[in-house]
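Kindly produce the complete structure, drawing on both the sequences and the hints.
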Amino acid sequence: MILNEMVLPIIVVLAVLVGGAYSVAVMDRVIATRLGAPRAGNPWLSPLTRGAWLLVQQANVTEAPDGRAWRLAPALYLALAATGLALVPWSETLVATDLATSVVLWGSVEALATVVIFLHGWSANAPLALIGAYRYVALGLSYLLISMFVLIGVALPAESLQLTQVVMSQEGLWNVVRQPLGLPLFLVVGLGMTFWGPLNLADSTDLAGGTASEVSGPPRLVWDVARAAMLVAFSGIAASAFLGGWLGPWLSGPLWMVVKMLAVLAVLLWLGRVVPRVAPERCVTGMWVVLLPLAFVDLIWAGVAALWQ
Amino acid sequence: MAVSWLHRLAGLTPVPVFPALGMGGDVVLRRLAQATNIELVGSPRHASVLLVAGGVQPDLLEALRRVHDQLPWPSSSLWFRCEPLPELEDATRIDDIEALPGALAAIHRELLLQRRGSSPRLLPDNPPNPWEGLGDDGHGGEGMMGGVPYGRPMAMNMHDDIRDGLTLDSLTFRIGPFFPAFPPGMSAEVTVQGDLVQSWTTQSLPHLVALDPVFHDARQRSVPIARLELARVRYHLHRLFHGLRLAGWESAALHVLHLAMRLTSDSRADALRRRLERYGFFYLAALDGGVLEVEQARRVGGPASRAAGLDDDLRSEDANYQRLGFSPVFHNAGDTRARWQQILAEIEQSLQLAKQAAREDLHTQNSVAIETPRGPWSDERCPTDASRLLDEIIPGLEWDSALATIASLDIAALSDWPLVEDKPLTRSEERSS
Numbered sequence: 001m002i003l004n005e006m007v008l009p010i011i012v013v014l015a016v017l018v019g020g021a022y023s024v025a026v027m028d029r030v031i032a033t034r035l036g037a038p039r040a041g042n043p044w045l046s047p048l049t050r051g052a053w054l055l056v057q058q059a060n061v062t063e064a065p066d067g068r069a070w071r072l073a074p075a076l077y078l079a080l081a082a083t084g085l086a087l088v089p090w091s092e093t094l095v096a097t098d099l100a101t102s103v104v105l106w107g108s109v110e111a112l113a114t115v116v117i118f119l120h121g122w123s124a125n126a127p128l129a130l131i132g133a134y135r136y137v138a139l140g141l142s143y144l145l146i147s148m149f150v151l152i153g154v155a156l157p158a159e160s161l162q163l164t165q166v167v168m169s170q171e172g173l174w175n176v177v178r179q180p181l182g183l184p185l186f187l188v189v190g191l192g193m194t195f196w197g198p199l200n201l202a203d204s205t206d207l208a209g210g211t212a213s214e215v216s217g218p219p220r221l222v223w224d225v226a227r228a229a230m231l232v233a234f235s236g237i238a239a240s241a242f243l244g245g246w247l248g249p250w251l252s253g254p255l256w257m258v259v260k261m262l263a264v265l266a267v268l269l270w271l272g273r274v275v276p277r278v279a280p281e282r283c284v285t286g287m288w289v290v291l292l293p294l295a296f297v298d299l300i301w302a303g304v305a306a307l308w309q
Numbered sequence: 001m002a003v004s005w006l007h008r009l010a011g012l013t014p015v016p017v018f019p020a021l022g023m024g025g026d027v028v029l030r031r032l033a034q035a036t037n038i039e040l041v042g043s044p045r046h047a048s049v050l051l052v053a054g055g056v057q058p059d060l061l062e063a064l065r066r067v068h069d070q071l072p073w074p075s076s077s078l079w080f081r082c083e084p085l086p087e088l089e090d091a092t093r094i095d096d097i098e099a100l101p102g103a104l105a106a107i108h109r110e111l112l113l114q115r116r117g118s119s120p121r122l123l124p125d126n127p128p129n130p131w132e133g134l135g136d137d138g139h140g141g142e143g144m145m146g147g148v149p150y151g152r153p154m155a156m157n158m159h160d161d162i163r164d165g166l167t168l169d170s171l172t173f174r175i176g177p178f179f180p181a182f183p184p185g186m187s188a189e190v191t192v193q194g195d196l197v198q199s200w201t202t203q204s205l206p207h208l209v210a211l212d213p214v215f216h217d218a219r220q221r222s223v224p225i226a227r228l229e230l231a232r233v234r235y236h237l238h239r240l241f242h243g244l245r246l247a248g249w250e251s252a253a254l255h256v257l258h259l260a261m262r263l264t265s266d267s268r269a270d271a272l273r274r275r276l277e278r279y280g281f282f283y284l285a286a287l288d289g290g291v292l293e294v295e296q297a298r299r300v301g302g303p304a305s306r307a308a309g310l311d312d313d314l315r316s317e318d319a320n321y322q323r324l325g326f327s328p329v330f331h332n333a334g335d336t337r338a339r340w341q342q343i344l345a346e347i348e349q350s351l352q353l354a355k356q357a358a359r360e361d362l363h364t365q366n367s368v369a370i371e372t373p374r375g376p377w378s379d380e381r382c383p384t385d386a387s388r389l390l391d392e393i394i395p396g397l398e399w400d401s402a403l404a405t406i407a408s409l410d411i412a413a414l415s416d417w418p419l420v421e422d423k424p425l426t427r428s429e430e431r432s433s
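Quick note, the sequences are listed as chains A and B, same order. Going by full-length UniProt numbering, 106 is the number at position 106 of the first sequence; the sequence numbering is gapless. Going by full-length UniProt numbering, 73 is the number at position 73 of the second sequence; the sequence numbering is gapless.
Among the hints, erroneous ones may be present.
Simulated DEER-style distance windows between Cβ atoms [what the hints assert, rightly or not]:
| no. | chain 1 | residue 1 | chain 2 | residue 2 | range |
| --- | --- | --- | --- | --- | --- |
| 1 | A | E63 | B | P120 | 15 to 23 Å |
| 2 | A | A263 | B | P120 | 25 to 33 Å |
| 3 | A | V304 | B | G309 | 17 to 25 Å |
Pulled from the structure, derived: some chain B residues nowhere near chain A, Cβ distances all over 12 Å [to be verified]:
| no. | residue |
| --- | --- |
| 4 | N37 |
| 5 | A47 |
| 6 | D69 |
| 7 | L171 |
| 8 | L196 |
| 9 | R245 |
| 10 | E250 |
| 11 | S251 |
| 12 | G280 |
| 13 | E293 |
| 14 | A319 |
| 15 | E360 |
| 16 | R381 |
| 17 | D416 |
Hints listed in this document are in silico derivations from the structure and should not be mistaken for laboratory results. Treat the numbers as computed from the prediction; the structure is a model and nothing was measured. Glycine included, each C-beta is placed from N, C-alpha and C at the ideal position.
This is the structure we're talking about:
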């Protein structure tokens, strides 16, 4: 029992955390090179060399930061990513924590991420980091609402808030087909929530790195790993909610999950490189005026379809 | 101390370089953006090597020392066409731009293999002003209010919000002259509420901007129009490169740079326009702000004035340009979006002119007054510094729009000296010269 309920879940989560963050770094690098970035060297080695460089670098301090909060924020974000990863079902039985309310817990991970990202920017006591933090808070609510509606949409046919049930409800037809608006909306949420690519408004280039602009050394490494891990956790939830999770012929369940998660990651990382950063104001307007109504439509669609069956 | 395997591994990473740009230093950005083993970073905290490029005015040295001290150890500095600070005895100077990536990589590797010590801190690690030690929280004010801890005003709710009435604490800070998103040399005192700029005071002016030697030649004698127009295209492409990097769009910025590097009179900008339009640069990026009134646009001159609906372009007065059927393109909105659209349209127009002029081997006729990419240039009229204009147009913009506006405006004064850019002449230039 101890092995099954304590040791195994921790091993699964840690393995996915490390392997996932590493894959994100490699894939992002390969996509960047494909799009013309001049990068020499081995893409498989580059995440390791960068990690090593950050480990040997000094962790600097700013003038009068909120020291404990500043050091804690990357660790908290990593913990949130790990919580998200723990919810991802790899097969019917291989789930780190198979909660009856795993969709709700994922929602709380998204909400708490807002707090942690704000903490990271605010506690550095530096203007650009603070502006990045403000921006994330201003935008966070608009992502969360869309995310919640879209996820309620996939919970309806499953008649459950448990991700394993959500996956099993897709035995006949995947949600990506059943609710065609769901996945595209959820991918936009993913870019926003993990502040990646065109929706990277918290750690953006115009803020010289935003909430991470004053961070160096090991804390920066933790922050980078946590951001990549959060993207992996998101892709796991997206694959389970819309792409039928472990379901699929020929391959074993966990392998199908890996394939589907890598596909979601590839789309997110590619979008991250080919689209310019969206202006914050346009982002808020787009979320509330266009995407949120579409999320309503998605939910009504899911509700009507559920009644029909 | 033995060098650990971790240090050896770390030495293999691309060199994170923070560029501190002095006069004429921006050439290094373009060279290093294409180097395979260099990563240009936006914050000194993310760098391993500080690259000081170009001459730094004496009054900016104090700010440079502060930037220098922000690099986390192990770190060092390299000085490109610039004399190192006297305190830095081990600092290396280099003048050859082709040797620059190699020199940066060597410093980085030596630092990590511990064959070179880190640069010493140049300034004492003390607050610039004393902590006041008064009030309930030692912040220098009364009760919980007011005060200037460490000589800086507290983030206080002192001003009403100038846009939507949502008042947040005002935060005042100074930024520049080495902030990479600004024109090199410019610094400003900014007050923000959230990410909305409430007030903006330009404090030090951007460095003078140098033009390709062909523009200086054109003021003396007749020069081939193809050469002049290609130099103009290159100037605009370099500015677009900066604008796209700021918009977080590295792949498109590199596309622009490649186009600039391989420019010939047969080059076309269609693929660039398609890319900018298809992936939504004009629609998604923060290009809504920074509207210039006609009078303000005239003060800036050049493409910025034509983007605001003025159709003054000295090329119309040149007989050979008239033979090529030249008439100025212009846009009317006068905002950041219109300025980038104007730049793109002028790039296309200049490429068209260059192609035609190369075919007909046309030279300029008018050397008294020429249209440079920075604006009209004659004995009476020379592009002057317009950075004070920012004090008028930046307040009320969000930070992203504010920086995009600054990037789209060419506000530095014109240098008397031509640009020194070490690069081989392109084939068409050789032909036309």
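Hint check results:
Between A:E63 and B:P120 the Cβ separation comes to about 20 Å, which falls inside the hinted range of 15 to 23 Å. A hinted range of 25 to 33 Å for the beta carbons of A:A263 and B:P120 is inconsistent with their spacing of about 51 Å. In this structure the supplied range 17 to 25 Å is violated for A:V304 paired with B:G309, their Cβ-Cβ distance being about 52 Å. Remark: the non-interface label on B:N37 conflicts with the geometry, its nearest Cβ contact in chain A lying 6 Å away (cut-off 12 Å).
The Cβ of B:A47 does not lie farther than 12 Å from every Cβ of chain A; its closest approach is about 9 Å, which violates its non-interface assignment. With 12 Å as the threshold on Cβ separation, the claim that B:D69 sits away from chain A is violated: the shortest Cβ distance comes to roughly 10 Å. Its beta-carbon lying about 6 Å from the closest one in chain A, B:L171 breaks the requirement of being farther than 12 Å from that chain. Some Cβ of chain A comes within 12 Å of the Cβ of B:L196; the nearest lies about 9 Å off, and the non-interface call is violated.
With a least beta-carbon separation of about 7 Å from chain A, B:R245 fails to lie farther than 12 Å from that chain, contradicting its non-interface assignment. Listed as outside the interface, B:E250 is inconsistent with that label: its C-beta sits roughly 6 Å from the nearest C-beta of chain A, within the 12 Å cut-off. Distance to chain A contradicts B:S251 as a non-interface residue, since its nearest Cβ pair spans about 4 Å, not more than 12 Å. Remark: the non-interface label on B:G280 conflicts with the geometry, its nearest Cβ contact in chain A lying 7 Å away (cut-off 12 Å).
Every Cβ of chain A is farther than 12 Å from the Cβ of B:E293; the closest lies at roughly 22 Å, confirming the non-interface assignment. The Cβ of B:A319 lies farther than 12 Å from every Cβ of chain A, with a closest approach of about 41 Å, so its non-interface assignment holds. Here B:E360 stays apart from chain A, with its beta-carbon at least about 35 Å from theirs, past the 12 Å limit. No Cβ of chain A approaches the Cβ of B:R381 within 12 Å, the least distance being about 33 Å, so the stated non-interface status holds.
Every beta carbon of chain A lies more than 12 Å from that of B:D416, the smallest distance being close to 32 Å; the non-interface claim holds.
When the structure is compared with the earlier hints, violations turn up for hints 2, 3, 4, 5, 6, 7, 8, 9, 10, 11 and 12 and for no others.
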